[in-house]
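**Student:** In case you want the letters, here they are:
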Amino acid sequence: MAASREEIIAGLAEIVNEIAGIPNDEVTEEKSFTDDLDVDSLSMVEVVVAAEERFGVKIPDDDVKGLKTVGDAVGYIADHQS
Amino acid sequence: MNATNRAVVVTGVGATTPLGGDSATTWEAMLAGESGARPLTQEWAADLPVTFAATAAVEPTEILPRPQARKLDRSAQFGLIAAREAWADAGFQGRAGEDAPVDPDRLGVVLASGIGGVTTLMDQYDVLRERGARKVSPHTVPMLMPNSPSANVSLDVGARAGAHTPVSACASGAEAVGYAAEMIRTGRADVVLAGGTEACVHPLPIAAFANMMAMSKDNENPKTASRPFDTARNGFVLGEGAGLVVLESADHAARRGARVYCELLGQGLSADAHHIAQPEPTGHGIATALRHLLATTDLKPEQLAHVNAHATSTPQGDLAEVKALRAVLGENLDPVAISATKSMTGHLLGGAGGVATVATALALYHRVAPPTINVDELDPEVDADVVVGKPRELPSGTIAALSDSFGFGGHNVVLALRTV
Chain A
1 MAASREEIIA
11 GLAEIVNEIA
21 GIPNDEVTEE
31 KSFTDDLDVD
41 SLSMVEVVVA
51 AEERFGVKIP
61 DDDVKGLKTV
71 GDAVGYIADH
81 QS
Chain B
1 MNATNRAVVV
11 TGVGATTPLG
21 GDSATTWEAM
31 LAGESGARPL
41 TQEWAADLPV
51 TFAATAAVEP
61 TEILPRPQAR
71 KLDRSAQFGL
81 IAAREAWADA
91 GFQGRAGEDA
101 PVDPDRLGVV
111 LASGIGGVTT
121 LMDQYDVLRE
131 RGARKVSPHT
141 VPMLMPNSPS
151 ANVSLDVGAR
161 AGAHTPVSAC
171 ASGAEAVGYA
181 AEMIRTGRAD
191 VVLAGGTEAC
201 VHPLPIAAFA
211 NMMAMSKDNE
221 NPKTASRPFD
231 TARNGFVLGE
241 GAGLVVLESA
251 DHAARRGARV
261 YCELLGQGLS
271 ADAHHIAQPE
281 PTGHGIATAL
291 RHLLATTDLK
301 PEQLAHVNAH
311 ATSTPQGDLA
321 EVKALRAVLG
331 ENLDPVAISA
341 TKSMTGHLLG
351 GAGGVATVAT
361 ALALYHRVAP
371 PTINVDELDP
381 EVDADVVVGK
391 PRELPSGTIA
401 ALSDSFGFGG
411 HNVVLALRTV
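Top to bottom, those sequences are chains A and B.
Residue numbers for the first sequence, in the UniProt record's numbering: 1 to 82.
Residue numbers for the second sequence, in the UniProt record's numbering: 1 to 420.
Restricting the straight-line Cα-Cα distance to at most 25 Å, the calculated cross-link-like pairs of lysine-lysine (BS3-like) are:
1) A:LYS68 <-> B:LYS135
2) A:LYS68 <-> A:LYS58
3) B:LYS390 <-> B:LYS223
4) A:LYS65 <-> B:LYS135
5) A:LYS58 <-> B:LYS135
6) A:LYS31 <-> A:LYS58
7) A:LYS31 <-> A:LYS65
8) A:LYS68 <-> A:LYS31
Keep in mind the hints are simulated off the structure, nothing from the lab.
Given only the sequences and the hints, what does the whole structure look like? Please build it.
**Tutor:** Structure follows, in structure tokens:
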């Protein structure tokens with residue numbers, strides 16, 4: 001059962017809150033992980049691993065570089081979830 | 001370099017220890033003769049040969065914001081908290097070159113740990129075995145590396161003259177303070193945050209230390225288990241926490257009107273080359289460090305009024321230290337007030353030298369030697385004046401003090417401090 005875009009954003013917001021302490025409602029599609037959400041390159045790996053587990057997707061390292069914004073991640077997960 | 005005064009002074013102190021979450025609380029508890037040892041209530045402790053430790057009085061995760069704390073090993077958490085206190089105590093706010101009036105290129109950090117991020121290592125090994133490689137935290141290496149505390153403090157205050165991590169087991173913190181003083185004396189830095197931190201209250205280190213027969217196993221009486229110089233001493237009590245000082249060139253401190261606790265005259269260093277864990281029983285190695293100190297600093301033995309002893313409450317180690325002091329200082333040791341603060345803090349390993357430097361600086365500044373607790377019967381072989389039970393006032397005039405730190409591996413570090 002695939003998650004909706006809203007569900008993916010809500011899930012990512014919980015993950016980002018857990019890792020970077022950013023309030024959930026500030027995690028919106030246009031935000032950059034690095035510039036806006038205090039998620040550095042190491043913490044991004046944590047976000048990716050948590051998202052993989054939560055949404056049942058595989059996000060290879062080469063694809064992580066393309067996930068600059070929350071919207072990028074939402075789109076990637078929406079396209080790749082089983 | 002101009003003809004500047006490169007003498008090194010202590011202008012700030014910070015600590016988080018089993019006695020208190022800052023240096024003031026720690027110092028008050030020392031003067032009151034309190035013990036920081038307590039039973040370990042965690043499930044994992046039940047089957048260990050030692051079921052108590054001197055755990056931190058204040059949990060670092062109650063101080064640091066969670067997103068920051070989760071990326072720091074507990075040893076780095078302690079180090080950062082104590083460093084920030086010392087930094088503020090020296091009158092600095094914010095980062096060097098921004099709010100704090102220090103040239104970042106002239107600011108250093110020397111923060112040591114004896115063991116490094118062992119709890120992070122063990123926790124992540126559990127993750128690897130139970131949940132697989134993909135789940136191992138990407139922060140693991142930056143958390144467990146022993147230089148993590150010094151690196152994180154340098155990031156925090158913006159220190160660019162260098163961030164260093166001498167490692168010499170239980171002498172590490174003192175070696176860090178000595179290294180920092182050299183950075184100032186040789187002109188590399190004007191201000192250096194220096195000290196030690198440790199966090200290894202975890203079943204593996206406890207089992208390992210206990211199996212070395214180095215720890216007290218007096219599980220029924222945690223608060224009286226650490227009893228340096230007492231006839232019934234039977235090993236050290238593991239502690240955790242951090243202690244740091246701000247060292248500063250006397251000129252730099254004078255220019256900004258800083259409060260000065262004392263001068264740091266220098267250090268004496270040696271290695272026993274005797275045994276990987278046993279102290280050399282005659283104190284020969286420690287005596288060599290003391291002679292090095294006397295040969296390379298302006299310390300006048302007749303000015304000595306106080307020693308913060310390494311004295312961890314082991315049968316051999318406490319005696320070797322006193323023998324060395326007597327051998328080198330002779331009758332100049334007679335009026336010296338000797339305090340073993342590990343009777344109260346437990347043994348913070350790599351953090352010990354940092355906390356001892358803080359305690360020694362405060363002893364000189366307030367002119368009072370903290371007590372050694374739990375000495376019911378002073379070992380008759382201890383040929384020195386131990387401050388037993390209650391604090392003791394130190395004389396007026398110019399007085400000096402030593403802070404001793406010795407580590408597994410035979411590392412000996414003696415720091416000398418003097419009133420200003």
